[in-house]
Amino acid sequence: MNVAYRGPWPKLIPADALLMDVARRIQLTRTKHENADRNFRALCKHVDRDGSPLHNKVIECYPSGSFATGTAIASRVVKNQHDVDVVIELDVSPNERPSVILGLLFEAINGEEGSRYHGCVTQNSRCVTVKYDDGTTVDLMPVARLPRSPARAGHLFHYKRETGESFHKEVNPWAFADLFNKRVEFDPGFYDLFEGRRLLVEGMLVERAETQPMPDHARLEEKSPRVVALQLIKRNRDINFRASGRAKNRKPPSVALCAIALDAGPVKVSLVDEVIAIAQAIRLKLRDRTSDRGTAQVFNPAYPRDEFTDRWPENYDAQMLFDVDLRRLIVELYRLRNEDLSLEQKSDLLKRLFGESAALYAIESHLDAQRHEMEAGRLHMGARGNVLSGVAAPAVIIGATTSARPATREGGGYLSDENS
Amino acid sequence: MTDRWPGFKVIDEVGRAAIWEGVLAPDKREHLVRVRYRVPLVLEDLTLHDVQPRVQVIKPLLEAHADYEQGPIPHVYWSKACPTTPYLCLFSPSNREWDPTDLIAQTTIFWAAEWLYFYEGWLVTKKWRGGGRHPQQLGEGEKRLETV
Numbered sequence: 112m113n114v115a116y117r118g119p120w121p122k123l124i125p126a127d128a129l130l131m132d133v134a135r136r137i138q139l140t141r142t143k144h145e146n147a148d149r150n151f152r153a154l155c156k157h158v159d160r161d162g163s164p165l166h167n168k169v170i171e172c173y174p175s176g177s178f179a180t181g182t183a184i185a186s187r188v189v190k191n192q193h194d195v196d197v198v199i200e201l202d203v204s205p206n207e208r209p210s211v212i213l214g215l216l217f218e219a220i221n222g223e224e225g226s227r228y229h230g231c232v233t234q235n236s237r238c239v240t241v242k243y244d245d246g247t248t249v250d251l252m253p254v255a256r257l258p259r260s261p262a263r264a265g266h267l268f269h270y271k272r273e274t275g276e277s278f279h280k281e282v283n284p285w286a287f288a289d290l291f292n293k294r295v296e297f298d299p300g301f302y303d304l305f306e307g308r309r310l311l312v313e314g315m316l317v318e319r320a321e322t323q324p325m326p327d328h329a330r331l332e333e334k335s336p337r338v339v340a341l342q343l344i345k346r347n348r349d350i351n352f353r354a355s356g357r358a359k360n361r362k363p364p365s366v367a368l369c370a371i372a373l374d375a376g377p378v379k380v381s382l383v384d385e386v387i388a389i390a391q392a393i394r395l396k397l398r399d400r401t402s403d404r405g406t407a408q409v410f411n412p413a414y415p416r417d418e419f420t421d422r423w424p425e426n427y428d429a430q431m432l433f434d435v436d437l438r439r440l441i442v443e444l445y446r447l448r449n450e451d452l453s454l455e456q457k458s459d460l461l462k463r464l465f466g467e468s469a470a471l472y473a474i475e476s477h478l479d480a481q482r483h484e485m486e487a488g489r490l491h492m493g494a495r496g497n498v499l500s501g502v503a504a505p506a507v508i509i510g511a512t513t514s515a516r517p518a519t520r521e522g523g524g525y526l527s528d529e530n531s
Numbered sequence: 338m339t340d341r342w343p344g345f346k347v348i349d350e351v352g353r354a355a356i357w358e359g360v361l362a363p364d365k366r367e368h369l370v371r372v373r374y375r376v377p378l379v380l381e382d383l384t385l386h387d388v389q390p391r392v393q394v395i396k397p398l399l400e401a402h403a404d405y406e407q408g409p410i411p412h413v414y415w416s417k418a419c420p421t422t423p424y425l426c427l428f429s430p431s432n433r434e435w436d437p438t439d440l441i442a443q444t445t446i447f448w449a450a451e452w453l454y455f456y457e458g459w460l461v462t463k464k465w466r467g468g469g470r471h472p473q474q475l476g477e478g479e480k481r482l483e484t485v
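From first to last, the protein sequence lines are chains A and B.
Per my numbering, the very first residue in the first sequence carries number 112; after that it's consecutive.
Per my numbering, the very first residue in the second sequence carries number 338; after that it's consecutive.
Don't read these hints as lab results, they were simulated from the structure.
For glycine and all other residues, C-beta sits at the position ideal for the given N, C-alpha and C.
Just so you know, not all the hints are guaranteed correct.
Pulled a few chain A residues facing chain B out of the computed Cβ check, cut under 8 Å [claimed, not checked]:
#1 Ser-453
#2 Ser-458
#3 Gly-488
#4 Leu-490
#5 Thr-519
#6 Ser-527
Between the sequences and the hints, there should be enough to build the whole structure, so can you do that?
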């Protein structure tokens, strides 16, 4: 059922509009979500199939990490590919040797030569990864439930073949996702802004103050500025860690960032302010040095025995590296919001923060939105022809006017050099 | 003109013709723009295409990029006399979006600023996002002035 939005159309500051455009670019499409869902369910059935070494041992499969919290982004944005983290709960002893469980899962998925996933499977220290033809990956993490523990709490199995490192770790990703989704506030006003921006860019926003039909499908990540802000921070992290000098560095885990974001205070009205608020909350956390390694610790708030920072930061230098990244992100966002930047400067800034393809998409979307405003006779200009890009706030632009009527650029070829 | 565009000055005026120059800065960069116009006589057998104001960017010269979308420069009429300062395509003569009764200050200058804004965007994205159309047939846009 369509939901009608009653005007007046909400107002957006230009920096928020640009961030929304970046966010739209890094979103996974509904089709990608559905494919990911189909892929991992098929994979779990495959593990449980007749003849599999784990036949009848699969209790449940569910997405963990970003897919469970709605913060998934296209990790390789040019190809719009993504990684899915999935928990596969197995009916095995939680104290079984990790090398055995991971090995069995690898064998169960890889199967015989010529079978569906054969040759596309890699065994890692905590999961088994399947890579699909389109480059998308699914990380299947085996977990065994712990008796007399809260729902779905279990052991994960850690085994590193190169070093022989082997242990169990208590986790409860399901409880964290459940808590996150309950605590993150849905904001219908934000959804209106997000959707309104898309309609303007696509030229579907005919009259601002009129009732606009809304699509019947409003996804989680489009309704909460906190979720969208987390996606942007993750994208910025991915861009920074793509640098050649960081090839061997671990990335700050998304789940830790999500946990810190839960304590970032009330959700801000502006997306720029929300990203800054979360980045500041993370920086505040990064002042801690409470772990044995002298680094900050973040725990699963739904199951505090599950530490999210057990592998990152490896040391205080790694912690400070991320702190510097966040400080740069905050400074750049203040510039984007407060300074009167040219299109080129905005483009360069967005490239530094979110990568070339997302930046280009945002600038193109901005230009498309301006063109639609121009065609609707709403592109206001100052005395030097300066385009005033208060996206939806012409009423406050004093002294600015628009042309007598919109025009269509038409022509080409030669024109005589005289007017007659 | 001066009321709306205080930076524009008449730099030459002879009979029914005038030339204005002024600075437009739709994004951040300043562009010195020249507008030349001659009011046609009623009985002249002219088209809107012929009589339209000639708008050129004098400084800095427009950049030419053959590899960009609609390059080397999008939506311009070329000038045989001044190849480096083509005339901007600002409206559709075939749709009669402008005629000699319109004030240049209320139409042409706005459209030139809009053109320059999307030109700045073209330099950044290598794509022309300012819309427009190219006449499909020779002669389109050649409607006589007296039919306006």
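Original post:
Holds or violated: is there a CB of chain B closer than 8 Å to the CB of Leu-490 of chain A?
Top reply: 7 Å, holds
Subject >> Hint check: 8 Å Cβ-Cβ cutoff, Ser-527 of chain A to chain B >> reply: 7 Å, holds
Original post:
Taking 8 Å as the limit, does the beta-carbon of Ser-453 of chain A come near enough to a beta-carbon in chain B?
Top reply: 4 Å, holds
Subject >> Hinted contact Gly-488 of chain A with chain B - closest CB pair below 8 Å >> reply: Gly-488 of chain A check fails; min Cβ-Cβ to chain B is 10 Å, beyond 8 Å.
Original post:
Given Ser-458 of chain A was flagged as interface, is its beta-carbon under 8 Å from a beta-carbon of chain B?
Top reply: 5 Å, holds
Subject >> When the least beta-carbon distance from Thr-519 of chain A to chain B is tested against 8 Å, hint result >> reply: This hint holds: Thr-519 of chain A lies near chain B, its Cβ roughly 4 Å from the closest one there, short of 8 Å.
When each numbered hint is compared with the structure, a violation occurs for hint 3 only.
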